[in-house]
Amino acid sequence: MASAGSETSAGAGPMQPNADVASVPLPVKIVVAGGYAVGKTTFVGSISDIDPLTTEAALTTVSEHVDDEGDASSKTSTTVAMDFGRVALGDELVLYLFGTPGQARFRFMWDELTRGAIGAVVLLDTRRFEDSFGAVEYFEQVSVPFVVAVNAFHGDLHHSLEEVRMGLDLSPDIPIVATDARDRTATKTTLLELVEHALLRADS
Amino acid sequence: MIDESPGEPVNGKGRGRLRIPPYAVTGGRTRVDVDIPFEALVRTTQRGRENTQLVAFERRDILQLAETPIAVAELSAKLRLPIGAIRVLVGDLSVEGHVQTKAMTTKADTALLERVRDGLRRL
Chain V
1 MASAGSETSA GAGPMQPNAD VASVPLPVKI VVAGGYAVGK TTFVGSISDI
51 DPLTTEAALT TVSEHVDDEG DASSKTSTTV AMDFGRVALG DELVLYLFGT
101 PGQARFRFMW DELTRGAIGA VVLLDTRRFE DSFGAVEYFE QVSVPFVVAV
151 NAFHGDLHHS LEEVRMGLDL SPDIPIVATD ARDRTATKTT LLELVEHALL
201 RADS
Chain W
205 MIDESPGEPV NGKGRGRLRI PPYAVTGGRT RVDVDIPFEA LVRTTQRGRE
255 NTQLVAFERR DILQLAETPI AVAELSAKLR LPIGAIRVLV GDLSVEGHVQ
305 TKAMTTKADT ALLERVRDGL RRL
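Protein chains in written order, with our numbering: chain V, 1 to 204; chain W, 205 to 327.
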């Protein structure tokens with residue numbers, strides 16, 4: 001299996017050799033979760049090779065759950081718009097960054113998004129950090145590596161990082177950092193913080 | 205090649221946000237290969253290139269866009285179709301051998317995380 005054990009190519013029919021995708025970079029993914037207008041798209045765009053694109057997920061699986069509250073009139077049409085970007089990491093890897101809302105009601109999206117993900121950055125505005133409670137709780141539960149990044153608009157933190165940690169009731173082992181979503185270097189540092197954290201967890 | 209069923213409503217290339225409902229695009233099916241991750245890279249195979257003119261509508265768009273590797277999410281954004289619809293179409297094309305996809309299926313191991321870290325540092 002050598003080093004290729006964690007990647008796969010699907011769709012190679014019985015007669016199709018894998019040559020076609022052999023030279024294709026391996027896509028890896030980081031999820032950027034945060035409340036409305038917290039700067040997710042700015043964060044993604046600050047480091048992306050392309051202007052962030054928008055995709056819409058229409059969640060067909062929702063229809064499989066019969067909800068006791070019975071919202072029968074609303075078919076299956078729950079849609080979430082997600083902005084995403086792409087960063088080539090050399091020739092063999094390409095990193096995709098997906099922004100997703102941070103409130104608990106978007107949980108169904110996170111199951112999908114975190115599958116195979118390196119981890120998540122929970123982006124937070126200290127004036128409205130309740131918007132990120134859901135995401136923090138979720139990533140702790142499913143044990144996806146994540147860091148909390150406080151977006152310092154105009155360099156201001158309205159609360160200290162320790163205050164935010166207490167407010168979120170964040171485990172001591174989860175990193176919390178200040179960032180600036182507009183700044184490529186700050187974004188890069190935040191992503192590196194996440195990858196280092198994931199590495200620590202993978203080792204233990 | 206099986207094209208979309210005749211009489212299906214397709215509003216040509218002038219597009220609003222969603223041209224047709226996803227179930228129409230996918231021929232009524234919604235659960236083929238829905239496990240293809242959003243970031244999976246899709247690439248048209250030799251066979252897909254040979255058959256591009258034999259398939260129609262969104263399927264042809266996908267084969268053309270995937271001449272160079274492109275993610276499922278990017279196909280969704282560029283074709284303005286919900287990602288679920290793209291996954292079904294890509295799933296079908298993949299079963300037919302017209303495209304191949306590449307994605308992580310397990311958690312990243314230490315070696316891969318180190319490659320990502322080193323790649324980020326070099327940015």
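These are calculated hints, taken from the structure and not from any lab test.
Bear in mind that the values here come from a model prediction, so they are computed numbers and not experimental data.
For glycine and all other residues, C-beta sits at the position ideal for the given N, C-alpha and C.
Don't take each hint at face value.
With the C-beta cut set under 10 Å, the calculated list includes, among others, these residues of chain V facing chain W [to be verified]:
id, residue
1, V28
2, I30
3, L53
4, L89
5, L95
6, Y96
7, R115
8, T126
9, E130
10, G134
11, E137
12, E196
13, A202
The hints, checked one at a time:
no., hint, verdict
1, V28, "holds, 6 Å"
2, I30, "holds, 9 Å"
3, L53, "holds, 4 Å"
4, L89, "holds, 3 Å"
5, L95, "holds, 7 Å"
6, Y96, "holds, 4 Å"
7, R115, "holds, 6 Å"
8, T126, "violated, 26 Å"
9, E130, "violated, 27 Å"
10, G134, "violated, 20 Å"
11, E137, "violated, 21 Å"
12, E196, "holds, 7 Å"
13, A202, "holds, 5 Å"
Of the hints listed earlier, those the structure fails to meet are numbers 8, 9, 10, 11, in rising order.
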